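Using the sequences provided together with the hints, build the complete structure.
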Amino acid sequence: MLTAGEVAGLIAATGWVVLVCVLAMVLVKLARLLKEATKAVTELNNRLTPLLDDVTLTVNETNRQLMAVEAIAKDVKQVSGHAARLSAVTDTMFTGPLIKVSSLGYGVRRAIEARRPVRRGGPAGGARPGRVK
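The opening residue of the sequence shown carries number 1 in the numbering used here; numbering runs sequentially from there.
The calculated SDA-like cross-link candidates involving lysine to any residue, where the alpha carbons are at most 25 Å apart (straight line), are: (1) 35 - 25; (2) 35 - 20; (3) 100 - 112; (4) 39 - 51; (5) 29 - 40; (6) 29 - 15; (7) 100 - 86; (8) 35 - 21; (9) 29 - 42; (10) 77 - 67; (11) 100 - 114; (12) 39 - 25; (13) 74 - 59; (14) 74 - 62; (15) 39 - 54; (16) 35 - 46; (17) 74 - 89; (18) 39 - 52; (19) 77 - 63; (20) 74 - 85; (21) 74 - 88; (22) 100 - 85; (23) 39 - 50; (24) 100 - 90; (25) 100 - 88; (26) 74 - 86; (27) 39 - 24; (28) 100 - 111; (29) 74 - 60.
Read the hints as simulated data drawn from the structure, not as lab findings. None of these values were measured; they are calculated from a predicted model.
Right, dumping it as structure tokens:
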């Protein structure tokens, strides 16, 4: 028969065997996990490089388009400034003489009306028919 020390040694050895088996299974699963993670990172890296190249091209094209839009906006600002100046010149050229011609016409009409003789036999007070004072 086995002595108490031998039974204790047998139990301890069995415990160590079970512990080693459990640790071996954990290490095998960890190795599989690391292998899958490495594979996933490699696939991601293979997909990421072309994607980053596309992003770089897109950003460069966007910058080029923004420069073109900036040039167009600058030209529009310049044209609107020229249009404002042209409007001011047109206003100055036509408004002043138009006011003068209008004033001259009004003055001539008043002078002609003042020189006409007042008609007799018309409405009282010398008012002309169809005119309101």
